[in-house]
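Student: First to last, the sequence lines map onto chains A and B. Per our numbering, the very first residue in the first sequence carries number 1; after that it's consecutive. Per our numbering, the very first residue in the second sequence carries number 356; after that it's consecutive.
Some hints here could point you the wrong way.
[What the hints assert, rightly or not] Straight line, CA to CA, 25 Å or less: simulated DSS-like cross-link-like pairs of lysine-lysine:
{"hint": "1", "chain 1": "B", "residue 1": "Lys553", "chain 2": "B", "residue 2": "Lys418"}
{"hint": "2", "chain 1": "A", "residue 1": "Lys344", "chain 2": "A", "residue 2": "Lys44"}
{"hint": "3", "chain 1": "B", "residue 1": "Lys667", "chain 2": "A", "residue 2": "Lys147"}
{"hint": "4", "chain 1": "A", "residue 1": "Lys82", "chain 2": "A", "residue 2": "Lys344"}
{"hint": "5", "chain 1": "B", "residue 1": "Lys667", "chain 2": "B", "residue 2": "Lys542"}
{"hint": "6", "chain 1": "B", "residue 1": "Lys667", "chain 2": "A", "residue 2": "Lys105"}
[Said to hold, decoys possible] Some chain B residues flagged as far from chain A (calculated, every beta-carbon gap over 10 Å):
{"hint": "7", "residue": "Glu564"}
{"hint": "8", "residue": "Arg583"}
{"hint": "9", "residue": "His690"}
Hints were generated in silico from the structure; no laboratory data involved. Built from N, CA and C at the ideal position, the CB exists for glycine as well.
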Amino acid sequence: MRSRRIWVLALLLIGGSQCPVAGLGLRAIVGVEYDDNPFEVSGKRRQSWGNRFYLHASERLVHAAWGEVQLQHQVGFKRFWKGEGEADQYGDVLANQLELAGLVKLHQRLRFNWSSALKVKDVRRLTSEDSYLRGALHLGLTGHLGKGWAGLMQYSRSSDDGRERQIADISFHRLGFELVYQPSRQMRGNLGVHWRFLNYDRPALAAALHGLLLPIDEEQADRLRELSAGIQFFRGALVRLNYAFLDNHSNSTGYSFAAHRTQVLLSRHIAAGIDGQLFLTTQLRRYNQEKVETRPLFTSEEDEYEQQMFSLKLSRQLNERYGVSSQYRHSRNGSRQDGDAFRKNVYSLALEFAL
Amino acid sequence: MYLIFLTVLSLSSGVPVSAAENDIAVLEAEHGAFALYHDSLTVERQHLVWRADSLSVVIDSLKGSDSSSGDLEEALLASLVLVQWLVQVDQRMDSLAVRWEVQREDLRRAYDFDIGRLIQELSHSQRPDRNKLRRLRIYQEARDGLGTRIVPSRMQYAGQMDIGPDDGPDEISQKLELMENIAARLKYETLDAEFCIKQLKVEQRLRQEMTFFTQEISLFDEHLPEGRILDHGRSSEAVLSQEIGPGAAEIAEVGFADAVEVSQESGVAQVDFADAAEMPQDDVLLNREAVRGEHLVPENINEKGIVLEIHKLTTRCRELRELEMVIQERIGVFHVRLQQIVEGQE
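Okay, chain A solo, but in the shape it has when bound (with noise of 0.2 Å):
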C-alpha cells in the first residue's frame, strides 16, 4: 500500500505536475539497481535488481536579517525484487527522515544553529538493515574570531529505538570543539575534537574464567573520542578530504577499539554537461581487548575490521527540471578475516527530477 503511494507520487513526478505549494524546494530520483550481494552475506551471493526513490523536499520558512529556519523532509525507499531466501518475497527499506533547522545572529561574530530531527527507518524481510526510530537535536555555536579563522562549539543528542530484537538501543551524546580556517569561499579548514558517549540498551560483558565472557549488571557505555581534520577547497572541482582518528573505551569486554577514517568527496564538471561525484571513505577499526579464548574458528583477525566504500555517479541534466543519473557503488565491509567481509557492487541508473 505505502509503496503504491510512492509510485503514484513517482507517476505524478514524470508527469510533470506543477509543485502545490510554491516556494518549496523539491528533488526526486527514481531509478533501477542491480545489485550483486543486496543481502550483504559474506558467502553465497544471491543477486538481484531492485527499485530505488528518492526524495527531498526543502522550504525555508523564515529568512530574515535575525537568522533562518529551513524544514526539511527526505524519504528513501528500496525494494529488491529478490527475498533473502528462496521462498521470500521482496525485502523492503523505508526510511523517512524530517529536519527542522535553524539559525540565529546572536551578534555580529557570534551565531547559533540547532537542528531537531526525526528518522524512521523500515526494514521488511532483510537481516541485512536494520529498523530503528531516531530523534536527534544538534546545537552549535559559531564564534567568528577575525582574518578567516573561526571557533565552533558543537552539541548532539540522539537516541535510537531499535525496531526489532537483533539491534539494541542507543543513547548518544556529542560535545565537540572545531576549529576552522576558511580564508575564502572556496578554501576551508578545519581542526576538531569531539567526545562520543554512547549507552547501550544492553548489558556489557565481562571476561571470566575458562574464556569466558560474562554479562554483568551494568549496561555497556562507550566513551569514544574523535580527532579529526579536514580540508575542502573549490578549484574546477569541488574537492573535500577528512581524516579521523577514532579511540573507543568500553566498559563492555571486546569492545574497545582504534580506528582510522578516511573520506573524499569530489564534484566536478567533466564535458557535454555531465557532472561527476565520488565518494570514497575507508576505516580500519582493531578490537584493542583480543577475546578470550576463542574457539579454533575465531582468530586475532577478527580483531580489525575494514569498510571500504567507493561510490562514483555521473549526472546530467537534461533540462531545468529533468536529469539522467548513472551510478557505480563497491563495499566492503567487515571483519578482516578472509571470507568474513562482505562485498557488494551496483549498478544503478536514475532519472532525477527538481520541481
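Following the hints, position chain B against chain A.
Tutor: Frame of chain A, contents of chain B only:
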C-alpha cells in the same frame, strides 16, 4: 524516548511561515542592510554637525576673548578635522544613495516579476488559492511602498560625451575614439562578469549535487562501517533454536544471533562470576552490525555566499550593459554629427 518527544514538540511548535521568494528575501535583506547603514551614517553626521556647531561656538568665544592664540589654533585645527570627517560622511551618503536606489530598482523588478507570476498562476487555477492571494496582496503593498521613481544616475553621461557648439571634426573624432575605448572596456568587463557568473553557477550546482549525493547515501545508512557484537556462549545454536524458534536456527547458521535478547530472556544477566565454572564450556559468539552515530553529510557546503555573489555580479552586468548601450547611442549620434560636418564641408 523523551528526546523523540521533544523533537516532535519542536517540529510541531508552529514556526511563522514567511513564504517570500528567495530573490526577494535576499533583496529585502540587502535593502534592510542599506537602511541600517543609512541610519548609522545619518546619526554619525548629526553627531558631527553637533560637534562642529559646538566647536564653532568655542572658536567664536576664543576670537572674542583675550585667551592665547594656541587654544584658538587647536580649536581651528579640530574644526578642520571635523569638516573633513563631515565631507567623508557626505561622500559615503552620496555613494550609498546611488547604490540604494539601484538596489531599490532591483527590488521593484523582483516584486513586479513575482506579482506577474502570481497573477498568472491565479488566473490559471480553477479555485482561488488563499495563500497566493495573501502573498499577492503583501507583494503589492511592498511594491507600492517602493514607489516608481526612475534611477536618474543610470542614464546620465559625462560632459565629454556631449557635442559642444565649438567642437570641430577633430574634437568630435577624439571624443568618438574615447567613447569607443570606453565601450570596448565595458564590453570586456561585461564578458568578464558573465564568465564569473557562469563559473559561480557551476560551483553552486556542484555544491548542491554533493549535498544531495551524500544526503541520499546517509538516509539509507550506506556509509556506515560494520563492527562486531560479542556475546557469551550460552546463546549457541541449540539454545537459539529452542528459545527463539525454528527461524532463528537459520540466522545462527549465517552467524546472526539475537544474543543479547537471549541472554536477557534466559536470565544470564543475573549470573555471578562465581557461577562461571558451572557454565557450559561454549565460546564467545560473534555477530556484526552497522556502527551508528557516524555523520556523513558535509557541513558548510552551503551556497548562500555564492547566491549573493551571483546576484551582485548579475546586477553589475546589467549596469555595464546599460552604460554600454548609452555610450553606443552617443557614438551613433557622434557619427551622424561627424557625417553632417563632412557633408557640409563638401
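Student: Would the pair Lys667 (chain B) and Lys105 (chain A) pass a check requiring their Cα atoms to be no farther apart than 25 Å?
Tutor: holds (23 Å)
Student: Holds or violated: is the Cβ of Glu564 (chain B) farther than 10 Å from all Cβ atoms of chain A?
Tutor: violated (6 Å)
Student: Regarding the pair Lys667 (chain B) and Lys147 (chain A), is the alpha-carbon distance no greater than 25 Å?
Tutor: holds (23 Å)
Student: If you draw a straight line from the CA of Lys667 (chain B) to the CA of Lys542 (chain B), is it 25 Å or shorter?
Tutor: holds (18 Å)
Student: Lys344 (chain A) and Lys44 (chain A): Cα distance at most 25 Å?
Tutor: holds (12 Å)
Student: Is the hinted pair Lys82 (chain A) and Lys344 (chain A) satisfied, with a Cα-Cα distance of at most 25 Å?
Tutor: holds (16 Å)
Student: Once the closest CB in chain A is found, is it more than 10 Å from Arg583 (chain B)?
Tutor: Not fine: 7 Å to the nearest Cβ puts Arg583 (chain B) too close to chain A.
Student: Against chain A, does His690 (chain B) keep a CB gap of more than 10 Å to every residue?
Tutor: holds (42 Å)
Student: CA of Lys553 (chain B) to CA of Lys418 (chain B), is that 25 Å or under?
Tutor: Violated: Lys553 (chain B) and Lys418 (chain B) sit about 65 Å apart, past 25 Å.
Of the numbered hints stated above, those contradicted by the structure are hints 1, 7 and 8, listed in ascending order.
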